Amino acid sequence: MATAAAVVFDASAELEVLLPDTAARFALAVDLLEQIGSNKLLAHVPLIFFNEVAAGCAREVRGGRTTQADAKAFLGRLGALPLSLSVEIHPAADWFDRAIKMSCQVAHSAYLTLALDLRVPIATFDGGLATAAKSNKARLYWPI
Amino acid sequence: MKVIDQFIQPKGRGTSKRAGATRGRQFSVQVGTPGPEAEAAVRAMVELGKRQKVGKRLGAAAVIKTERR
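Line order of the protein sequences matches chains A and B. Residue 97 in our numbering sits at position 97 of the first sequence; the count goes up by one each step and never skips. When you read off a place in the second sequence, starting at 1, and then add 1000, the result is the number in our numbering.
Check the hints yourself; a few may be wrong.
Pairwise CB distance ranges, derived in the manner of DEER restraints [claimed, not checked]: (1) B/Val1029 with A/Ala5: 16 to 22 Å; (2) B/Ala1040 with A/Val106: 33 to 39 Å; (3) B/Ala1044 with A/Ser135: 34 to 40 Å; (4) A/Ala92 with B/Lys1050: 16 to 22 Å; (5) A/Val87 with B/Thr1066: 23 to 29 Å; (6) B/Lys1050 with A/Lys134: 30 to 36 Å; (7) B/Lys1065 with A/Arg139: 32 to 38 Å; (8) B/Glu1037 with A/Ala93: 37 to 43 Å; (9) B/Lys1050 with A/Ala54: 29 to 35 Å; (10) B/Gly1055 with A/Pro143: 35 to 41 Å; (11) B/Arg1051 with A/Ala92: 20 to 26 Å.
Simulated from the structure, these hints should not be mistaken for lab results. Just so you know, these numbers come straight off a predicted model, no measurement behind them. Here a beta-carbon is modelled for each residue, glycine too, at the ideal position from N, C-alpha and C.
When you get a sec, could you build the whole thing from the sequences and use the hints?
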């Protein structure tokens, strides 16, 4: 695990707490969340973070994996988590160029650019984002 | 909610040769506040998570992968 006082917090890491992949990943995500909640770690998120977390919860409620009540409670609590929300305003052509340059999805490029600009690792369980991070020389908070 | 750097033109973004550099505007907003409320929120989120089934096929990584497809 990388030593860091700040991290870029991916939606997959947040969702791991509500929708655990494995017990080991759940434990990692809980540890990260506790560090963020106790202000030991500053978490940066791009604007799409909240959309992705909400979309993930909605998908899993529709699929019957979790209940609407649990998802609503989870998302409500997320509002109290101290996060530095980075809002970027770019023309669509610039988002496109960036994703092409970085050879990744546009959503990944939002997280990657934040991590590269701030020189902090990315906490993610998304294999696609992890691969893009490695190829763009961004650090990962967890090896996945 | 507190605006940290309102409409700062990021330095070097328009001229940097680094991959990912773009034009545009960026600002940061602090959401949530560190302290007992945040710590209680984390505990509540973790308790919610403990009630869910663990499953790779249906887990967070798979959900995000599908959403980003």
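**Request:** Determine whether the Cβ-Cβ distance between A/Val87 and B/Thr1066 falls within the hinted range of 23 to 29 Å.
**Result:** Holds, since A/Val87 and B/Thr1066 (Cβ atoms, about 25 Å apart) stay within the stated range.
**Prompt:** That 35 to 41 Å hint for B/Gly1055 and A/Pro143 (C-beta), does it hold up?
**Reply:** 22 Å Cβ-Cβ, so the 35 to 41 Å window is violated.
**Item:** Verdict for B/Val1029, A/Ala5 (Cβ pair) under range 16 to 22 Å
**Value:** 20 Å, holds
**Item:** Pairwise beta carbon distance, B/Lys1050 to A/Lys134, judged against the given window 30 to 36 Å
**Value:** 32 Å, holds
**Message:** Please check whether B/Arg1051 and A/Ala92 have a Cβ separation lying inside 20 to 26 Å.
**Reply:** Distance hint for B/Arg1051, A/Ala92 is violated at roughly 41 Å.
**Request:** Could you tell me whether the CB distance from B/Glu1037 to A/Ala93 stays inside 37 to 43 Å?
**Result:** 41 Å, holds
**Request:** Kindly confirm whether 16 to 22 Å is satisfied by the beta carbon distance between A/Ala92 and B/Lys1050.
**Result:** 41 Å, violated
**Request:** Take the C-beta atom of B/Ala1044 and the C-beta atom of A/Ser135, compute their distance, and say whether it sits inside 34 to 40 Å.
**Result:** 37 Å, holds
**Message:** A range of 32 to 38 Å was offered for this pair. Does it hold for the Cβ distance of B/Lys1065 and A/Arg139?
**Reply:** About 21 Å separates the Cβ atoms of B/Lys1065 and A/Arg139, which means 32 to 38 Å is violated.
**Request:** Starting from the range 33 to 39 Å, see whether the pair B/Ala1040 and A/Val106 falls in it by beta-carbon distance.
**Result:** Holds - the Cβ-Cβ distance for B/Ala1040 and A/Val106, about 35 Å, lies within 33 to 39 Å.
**Message:** Looking only at beta-carbon atoms, does the pair B/Lys1050, A/Ala54 fall within the given range of 29 to 35 Å?
**Reply:** 21 Å, violated
Hint check: violations occur at hints 4, 7, 9, 10, 11; the rest are consistent with the structure.
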